[in-house]
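> I would like the entire structure built from these sequences, with the hints used as guidance.
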Amino acid sequence: MKLLHRIRGPRLGTKIMLLGLTLLVVPWFSYRQLVEMEHLLIQGQSNAQLLTAEGISTLFNGREDLFNDLPVTIEDFESLYANPLQNAIRLDGSLEDWGEGVDDKALRFGSETGKADGDFQLLLGERGGQLYVHMDVIDPEHVYRNTEYLRLDNADHIRLSFIRADGDDGRVSIVFSKPGVTTAYEMQPDWRFASAGPPSNSVQGFMQETEQGYRVEFRMPLSLLGSSRYFGLALVDVDDPETGEIRRIVQTLPTAGKESFNLVVLRSPEVLNIIQGLGYSGARILVIDPQKRVRAETGTNVSRNEPVRKDNLLENVQRWFKSLRPWVHWIITGEQWTPARSLTEDAAATTEIVIGSSLEGDPIALRRSLSETQEVIMAAHPIVSRNKVIGAVVVEQNIDEILTFQRSALEQVILVSIVSLFAVFIALLAFSARLAWRIRSLRREASNAIDEYGRLRIGELQREMYAGDEIGELARSVSNMLSKLQQHNNFLESMPRTLRHEINNPLNTLSTSLQNLAEENPEVRDSKYLESAKRGVMRIGAIVQNLADAANLEESLEAEEREDIDIELLLQSYVANCRITHKDCEFIYRGAGRPVYANVSDYRIEQLLDKIIDNAIDFHRNNTPIRVQLDSYRDHLQITVANRGPLLPANAEKSLFDSMVSHRGRQNRLHFGLGLYVVRIIAERHGGIVRAMNLADASGVAIMVQLPRVATEDESSELHEQIVPKAATG
Amino acid sequence: MAKSIAIVEDDPDQRANYADAITKKGYVVRSYGSREEALAGFDQQLPDLVILDIILGEEVDAGFQLCRDLLARAPTLPVIFLTERINEIDKISGLRLGAWDYLPKPISLDYLAERISSLLRINEVRAEQAETESPTARRIGDLMLDQDALLVSWKGERIDLSGTEFRMLAKLVRAPGHAVSYESLMNATMQSLVTNNTINTHMRNIRKKFEKVDKEFACIKSEYGYGYRWSNES
Chain B
1 MKLLHRIRGP RLGTKIMLLG LTLLVVPWFS YRQLVEMEHL LIQGQSNAQL LTAEGISTLF
61 NGREDLFNDL PVTIEDFESL YANPLQNAIR LDGSLEDWGE GVDDKALRFG SETGKADGDF
121 QLLLGERGGQ LYVHMDVIDP EHVYRNTEYL RLDNADHIRL SFIRADGDDG RVSIVFSKPG
181 VTTAYEMQPD WRFASAGPPS NSVQGFMQET EQGYRVEFRM PLSLLGSSRY FGLALVDVDD
241 PETGEIRRIV QTLPTAGKES FNLVVLRSPE VLNIIQGLGY SGARILVIDP QKRVRAETGT
301 NVSRNEPVRK DNLLENVQRW FKSLRPWVHW IITGEQWTPA RSLTEDAAAT TEIVIGSSLE
361 GDPIALRRSL SETQEVIMAA HPIVSRNKVI GAVVVEQNID EILTFQRSAL EQVILVSIVS
421 LFAVFIALLA FSARLAWRIR SLRREASNAI DEYGRLRIGE LQREMYAGDE IGELARSVSN
481 MLSKLQQHNN FLESMPRTLR HEINNPLNTL STSLQNLAEE NPEVRDSKYL ESAKRGVMRI
541 GAIVQNLADA ANLEESLEAE EREDIDIELL LQSYVANCRI THKDCEFIYR GAGRPVYANV
601 SDYRIEQLLD KIIDNAIDFH RNNTPIRVQL DSYRDHLQIT VANRGPLLPA NAEKSLFDSM
661 VSHRGRQNRL HFGLGLYVVR IIAERHGGIV RAMNLADASG VAIMVQLPRV ATEDESSELH
721 EQIVPKAATG
Chain D
1 MAKSIAIVED DPDQRANYAD AITKKGYVVR SYGSREEALA GFDQQLPDLV ILDIILGEEV
61 DAGFQLCRDL LARAPTLPVI FLTERINEID KISGLRLGAW DYLPKPISLD YLAERISSLL
121 RINEVRAEQA ETESPTARRI GDLMLDQDAL LVSWKGERID LSGTEFRMLA KLVRAPGHAV
181 SYESLMNATM QSLVTNNTIN THMRNIRKKF EKVDKEFACI KSEYGYGYRW SNES
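First to last, the protein sequences are chains B and D.
Each residue of the first sequence is one higher than the one before, starting from 1 at the first, in this note's numbering.
Each residue of the second sequence is one higher than the one before, starting from 1 at the first, in this note's numbering.
These are calculated hints, taken from the structure and not from any lab test.
Remember, it's a predicted structure, so these values are computed and weren't measured experimentally.
Certain hints may be false.
[What the hints assert, rightly or not] Using 20 Å as the maximum straight-line C-alpha spacing, the simulated SDA-like pairs for lysine to any residue come out as follows:
(1) Lys-534(B) <-> Ser-108(D)
(2) Lys-215(D) <-> Asp-564(B)
(3) Lys-221(D) <-> Lys-534(B)
(4) Lys-25(D) <-> Glu-520(B)
(5) Lys-611(B) <-> Val-194(D)
[To be verified] If you anchor each label on the Cβ, the simulated ranges turn out as follows:
(6) Arg-174(D) <-> Pro-649(B): 30 to 36 Å
(7) Ser-655(B) <-> Val-213(D): 33 to 39 Å
(8) Asp-13(D) <-> Thr-581(B): 35 to 41 Å
(9) Met-693(B) <-> Ile-89(D): 34 to 40 Å
(10) Ser-184(D) <-> Glu-520(B): 48 to 54 Å
(11) Ser-184(D) <-> Asp-614(B): 18 to 24 Å
(12) Asp-635(B) <-> Arg-158(D): 24 to 30 Å
(13) Glu-59(D) <-> Met-693(B): 52 to 58 Å
(14) Asp-614(B) <-> Ser-4(D): 45 to 51 Å
(15) Glu-114(D) <-> Ile-617(B): 33 to 39 Å
(16) Pro-625(B) <-> Asp-13(D): 50 to 56 Å
(17) Gly-57(D) <-> Ile-617(B): 44 to 50 Å
(18) Pro-75(D) <-> Glu-523(B): 44 to 50 Å
[What the hints assert, rightly or not] Below, a sample of chain B positions facing chain D; criterion: calculated Cβ distance under 8 Å:
(19) Glu-519
(20) Asn-521
(21) Ala-542
(22) Cys-578
For glycine and all other residues, C-beta sits at the position ideal for the given N, C-alpha and C.
Below is the structure:
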């Protein structure tokens, strides 16, 4: 229990600040809710996508035919992938209308560097049943066909070989006699002459010269290829217009001279037809066959353009939040923050997992990141036919909206939390500081209202008196207490004066009556009773006078004038006079040996000395000297009066100087313990202190008075000469 | 013709005691219990000396008012305050009003009679001699002291002292250069209850009155622990 009492709680401000910390629960809760909401939304979208995928997959259930138009394995064939084209293509040699990013998919043929004469880049596209081909040929010395010759192989041309729908080999040469529209001929097996006279209308193209060579863009109907779509392409480079000699043939097939074909891989148009129109904004639908080939694709690109970073404040704040987020996440949820789940390498793995899982027959939905800020959900559902997985539908949708929403909500939560926390903290800080200050100042004032001896200094408080709250009430109640106490004190203080006032009149009556009585009756004039009555009157008068003097002491000290007095001389003179007035006592004086000035009222110092010396004489053992000593220190002087005799009672050191406290016992009834009280009051009024203590050898008591001294100056010594005579005369 | 003494005192016992004692000394005594009574009496005839209590019944300053009224009518009239109000401030205001003396209770009737006779004599002396040099005057250095007329002057300038102060000063200068003990100074006050403090206060007042006339005045020296001394060497 004692220990508990000793432990003190924190200060008011600390308590309030700690309470303010509970506000942290708001951002904590909001964040948890946000994370929860994000999960929910993503879960919801995953489910929706899965359902979409399932719905689409049911369209294909049992439709094996749609997936059987390709050879099961394509390892034997070098495939030429035909990109689905969004726009209608103008045959002008330019790639502008092929759509963005398509040129990255161009295939290179020829030498390793791709810069040699005869090298070309090939791009295949497919739209509306037409196969579009774009070739960028490097050929600084291109030779146009001389239309005067019938032979078609003595100038730069392009050979197409394929297997027709009817199973026959198809051979078409595309030739150009000038930049512009090309001409195509069906060729004989030796690729020299056209098999049929007129050019083929089905293959249309356009040739355009470039700095390094030329470009050719042409199209042919897919129907020409049949369902197998075996297709090969070769560039024939002729550099010498005179000889027309074939310098180089660059083929899309590695083995030259052999009639082999590439395989044109196409999106399945029928599948595409089915899923077309199912795509929605921000979503992409893919149909994949068991060989993981994309058979149809619809919908917009899921990746969005990254917003351009601006270096403004908001961006900085957002970036700051982003760097802060892992910490926030860790602090609040206790889980490691995995930013955007995974990046590119993981993205590929995720895709692999999704496709693999769905092709094994399990529907799946996973998150995949496109970039640091963008994520998509991939949902895949298998297409089943006769208990066999014949493909999968993949629905990819950007969850950018969710993430953006979550991010901005998070930013808002953090921002609002920080701002409000800050505001609340400032408010609480100010409030608690003000509260603490008010309480402290009230406490200070209240404790200053009473001095160390329990006397009231002020009768009412000034601070907080008009405050409406509890502190104001406290202040008013304390003030009320003080004023009541002051009334009581006033009563007590005025008591001696009132008493004297009230007693003096009857005393005067008594005294004058006694005198008249003696006058009237000469026979009682010498009566001892009359004398004792007179003594009694005198004693009462003295008592009342002393009491009143003590009560008035502080007041009259206030009005006292002070001068710079040489205490050394004063004491010398005083002790010399003591030797005269108290002949039965021996006095020893040890001075400071030089003038010691203090700003005092000399009568009061004399009064103080009277009381101390009286005290010393009363208590000194006969035939022992009373020692008076003056010591001068840097900023104060000390007067010590020591006598041999009875020691101070225990614990009396403090109470000795209180009013009405006497340790004399009963032998001297004229003392009321006012003597040393007067000493203390005088010393304190002069800014000094007074102490009583037993001598070190326990042979007696010393009373010490310390007074502030003033620096010795010439003019003050002159002044002193006027006031204090050099020697005492008897 | 016997001198008439007026006593204004609200307590009938004390009033009677004073009256008895003073009558025995051969004076005609008229005593009043309140301010109104006293004023009515003074309207009829002004006494030769007035003894005033300050508090009369409910009026705490009645004595001061009476003193003012009286001195307005007769500026040379000796007025003695005889009161239980012995605060310094009361004493000062009483003497400032022009009272000749201010005596605290309890009073010795013998001293009172002595004072009365001395004051009456002084008044007579003053009236006879007017401004002429008094033959009873004593000169101590720059100090001129006329015991009978209760007149003091320093370097030719008149100094107003109360009766008590005058007596103390007279005691002090009886043997210039010799210390006078508190005890003998107490006797000189002719009051029954006097402390060192009272003496100190009186001495300070006397010193101040001299200093008002002469800033360099320093003839009254303290004998700490014993009393005072008059020194002619400044």
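> Hints first: check each against the structure and report whether it holds.
Verification of the hints:
Restraint check for Lys-534(B) and Ser-108(D): the C-alpha separation of about 11 Å stays at or below 20 Å, so the hint holds. Between Lys-215(D) and Asp-564(B), the direct Cα distance comes to roughly 17 Å. Compliance with the 20 Å bound is thereby established for this hinted pair. Distance hint between Lys-221(D) and Lys-534(B) is unfulfilled; the C-alpha atoms sit about 35 Å from each other, more than 20 Å. Taken as a hint, the Lys-25(D) and Glu-520(B) pair is honoured in the structure, with Cα atoms around 13 Å apart against an allowance of 20 Å.
A hinted pair counts as satisfied when its Cα atoms are at most 20 Å apart, and Lys-611(B) with Val-194(D) qualifies at roughly 17 Å. Range check, Arg-174(D) to Pro-649(B): about 47 Å between beta-carbon atoms, so the 30 to 36 Å window is missed. Evaluation of the 33 to 39 Å hint for Ser-655(B) and Val-213(D) yields a failure: the beta carbon distance comes to about 49 Å. Taking the beta carbon of each, Asp-13(D) and Thr-581(B) are about 39 Å apart, inside 35 to 41 Å as hinted.
Separated by about 39 Å at the C-beta atoms, Met-693(B) and Ile-89(D) satisfy the suggested range of 34 to 40 Å. Range check, Ser-184(D) to Glu-520(B): Cβ separation about 32 Å, and the 48 to 54 Å hint is violated. As the Cβ distance of Ser-184(D) to Asp-614(B) is approximately 20 Å, the hint placing it in 18 to 24 Å holds. In this structure the supplied range 24 to 30 Å is violated for Asp-635(B) paired with Arg-158(D), their Cβ-Cβ distance being about 46 Å.
Range check, Glu-59(D) to Met-693(B): Cβ separation about 53 Å, and the 52 to 58 Å hint holds. Checking the proposed 45 to 51 Å range against Asp-614(B) and Ser-4(D) shows it holds: the Cβ atoms sit about 47 Å from each other. One distance hint, 33 to 39 Å for the beta-carbon pair Glu-114(D) and Ile-617(B), holds here, with the actual separation near 35 Å. The hint said 50 to 56 Å for the Cβ distance between Pro-625(B) and Asp-13(D), and at roughly 52 Å that hint holds.
With their beta carbons about 47 Å apart, Gly-57(D) and Ile-617(B) fall inside the hinted range of 44 to 50 Å. For Pro-75(D) paired with Glu-523(B), a C-beta distance near 46 Å keeps the hint of 44 to 50 Å intact. With 8 Å as the threshold, the beta carbon of Glu-519(B) comes within range of chain D, its nearest partner Cβ sitting at about 7 Å, so the hint holds. For Asn-521(B), the interface hint is violated, the least distance from its beta-carbon to any beta-carbon of chain D being 13 Å, above 8 Å.
The interface hint given for Ala-542(B) holds, since its Cβ lies 7 Å from the closest Cβ of chain D, which is under the 8 Å cut-off. With a cut of 8 Å, the hint placing Cys-578(B) at the interface with chain D holds, because the nearest CB-to-CB distance is about 5 Å.
Figure legend: structure checked against the earlier numbered hints; hints not met, in rising order: 3, 6, 7, 10, 12, 20.
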